[in-house]
Amino acid sequence: MIVMDHVSAGYGDRIVIEDITISLKHPFFAVIAGPNGAGKSTMLKVLLGIVKRKSGSVSVFGIDPELDKKSIRRIVSYMPQSSAINLDMPIKVKDVVAMPIRILGEDDESLVREALKIVGAEKYENEIFSKLSGGLRQRVLLARALVKDAKLILLDEPLSHIDSKGRSEIFSTLYKIHEEREVSFLIVGHDLSVCALYDPYLILLNRRIVAHGWFSEIAKPEYLAEAYGSVLLREGFIVMGEEHG
Amino acid sequence: MVDPLLVSGLLSASLASIVAGLIGVLINYTRTQFLAIESLHMIIAASLVGGLVAWYYRALPSEFVSLITMALFILIAVLMLEKGFSQDTSMGFTIAVASMIASLFSYYVALLTPGGVSYVYTVLFGNPFLIPPSSIASYLLAGVLLVLVLLFLWRIFIYIAFDPETFEILRGGVRIYRWILYMLIAFSAIYITRLIGAIPAHIALMMPGIIASRVEQGSSYIAIIFSFLSSITSIVISYQVGIPYGALLGIISISLYLLLLVKR
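Chains A and B, in that order, are what the protein sequence lines are. The opening residue of the first sequence carries number 1366 in the working numbering; numbering runs sequentially from there. The opening residue of the second sequence carries number 215 in the working numbering; numbering runs sequentially from there.
Keep in mind that a hint or two might mislead.
[Unchecked claim] Cut-off 25 Å, straight-line C-alpha distance, at most; resulting in silico cross-link-like pairs (DSS-like, lysine-lysine): (1) A:K1541 - A:K1516; (2) A:K1459 - A:K1541; (3) A:K1541 - A:K1488; (4) A:K1417 - B:K297; (5) A:K1390 - A:K1541; (6) B:K477 - A:K1496; (7) A:K1530 - A:K1488; (8) A:K1419 - B:K297; (9) A:K1419 - A:K1434.
By construction, these hints were calculated from the structure, which means they are not laboratory data.
Just chain A, with the same shape it has in the complex (with noise of 0.2 Å):
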């Protein structure tokens, strides 16, 4: 179970995120959605401990992610934005995707290689990072965040740069993996179109939470205007404020 009670979260001086009560029992698909600078990711390091809170308290199956790190790290897997990463970096897909699990002390090729063929980038284990388009960069990092056996998987918009084909396949195989290890899913996302096949709880937030249900329920225009600032209903399409799905 997740639990976030009246968290407050920011950077210095600037709050966040303000408020967010959420609850979440394990295992869940989950999807996080709002404007640029909502807090989304920020919401994702509060869950890591990474980002103190000024206020509130969270849970992550029973710790408390801020007091005892040890334990979050075993059980929880994370992929960051892709700008958070040095793509300069000479490094071979195969160490990128071993990195949680050579940092916990195992090394095995076989789950390395699992992992890569979950994403459909087996063929490039050996190939420079670098060296690969943004959407096969893309594949490999989420490939590093499924390597290790996770109990939550914390994902920040793993579909960008990835061509629409690809998310539906890769938001499929994500779905696939929930259901059948049982694992939760959190992930930030911008492309709700993707979502809407498998009705996973969605979070709308901007700094506060506006809304949480599921999917089905809460993407609808009311809900959506008030995350993004602005929503056009044209021809049957729904085009939100700032980047949409």
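Got chain A sorted already, so can you dock chain B onto it with the hints?
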């Protein structure tokens, strides 16, 4: 019978090149070129301060004074960082302070101390042929220790350079490991400077990584092999022809890099 001067030169250049090749790759990957240059400037200043103070106060060993001076420079940089100045500003300011002290003390070392000019030259440009054989064993031991530590922590440094946020989540201690890396760069810079001089050390630290990334992205082996071969070649030619080792090292490195640029 091989001339002992040549033997000293080959051994000194070899040791310096292996450490330089290894740390140079890390400097390239971790984008700490500015820090490496800062270290060299601090070493120049610290060596000159040590030389002059030890000449005036015989009881004080020059290495001890040099180390204290280095520590003070590092303290300036750290205090500025803690006060919120950017890394570039902190390092740039420290380089300016070190250069000011180097200018001042080099003048007085050259003017007032016996053999002062020679001492200043050796600090700046080294003299690998004159490293005594008795010291080579110590340098070998120190070099082996440095290389072992670098290899032991290599993967950690690479992963932190690639994705510090995820490393912090997975293991923590990014800040501490970064400080260890900075200390290793400083120790390596001191080591290389002692063997081949501070100015050639600039070339030794920068060029292997740059050339390796031009040849094959990601190849640490190419950097170390290049560093070693260029050093040995430079020493042999220097011995034969009488051109300074540092100049030859620069000529070989720069020529090869320009050749690679033209070839591409």
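Those earlier numbered hints the structure runs against, lowest number first: Structure breaks no hint.
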